[in-house]
Amino acid sequence: MVLLLTLLGICTESAAKALETSKIPQQFSLENYANAPEELALKKGMPYENARQNLIKKGWQPYLQGTPRNLRNPSVKELFDLGYEEIKDCSGTGEGPCRFEFINKKQELLVVVATTMGAENTKRFVRNWWIEKKTDTNPQRASSNIIEEGRYWLGGTDEGLEVKGGRYRYYDESDIDRPWQPIAELQYIKKGVVFDGKNYWCLSTMLPKGQIASCSKNGW
3 MVLLLTLLGI CTESAAKALE TSKIPQQFSL ENYANAPEEL ALKKGMPYEN ARQNLIKKGW
63 QPYLQGTPRN LRNPSVKELF DLGYEEIKDC SGTGEGPCRF EFINKKQELL VVVATTMGAE
123 NTKRFVRNWW IEKKTDTNPQ RASSNIIEEG RYWLGGTDEG LEVKGGRYRY YDESDIDRPW
183 QPIAELQYIK KGVVFDGKNY WCLSTMLPKG QIASCSKNGW
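Okay, so the sequence shown: first residue is 3 according to our numbering, each after it adds one.
Hints are computed from structural coordinates only; laboratory data are not their basis. Any given hint could be a false lead.
Below, computed lysine-lysine pairings styled on BS3-like, alpha-carbon distance capped at 25 angstroms [said to hold, decoys possible]:
#, residue 1, residue 2
1, K125, K108
2, K125, K59
3, K166, K211
4, K107, K45
5, K46, K60
Please build the complete structure, drawing on both the sequences and the hints.
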């Protein structure tokens, strides 16, 4: 009888701990969005050349379809001429972040953003990465993943993000002209929602009238 009560006590305690653990909110991590960092063999700050070699060993290949690479950009042209076929576009401001795209056998699209960190254009370092939805070679369906033009808000702040003509820029009430950057740096999440590597931005025209809301990956 004593043994039975002891076992019941252990089971009850274990169940309570499991319930308590399940209540702990799970933190969303961009790096764990689809594949764990260990599977991708990527680390923030690692040389892009090394990251590229690791990805190819893991079965990822340069994605040569989708949005045409911007060869009018000198940085893009130089990297492409070096053999980086996966280059898509680069920003001409700050550390000049560039977008590189890879694809795997599951047709998943991996986006890697690498910056110069003050070095020359050809020496780049991984800033962040994510895996987007499976690629679609059907132009009619793929067009639904185009980032819409307009003003995007965080909600609860005076900060905004404007998308226009294949570019985007930040703005606020100060009306200071901010530099335009290539839209390739933004991640399409869903209709009216984009991710800039730090925050989710929602299209202002989709905000329910008369409501105060904050933008999330699910929208307003």
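**OP:** State the violated hints by number, sorted upward, taking the hints as numbered earlier in the document.
**Re:** 1
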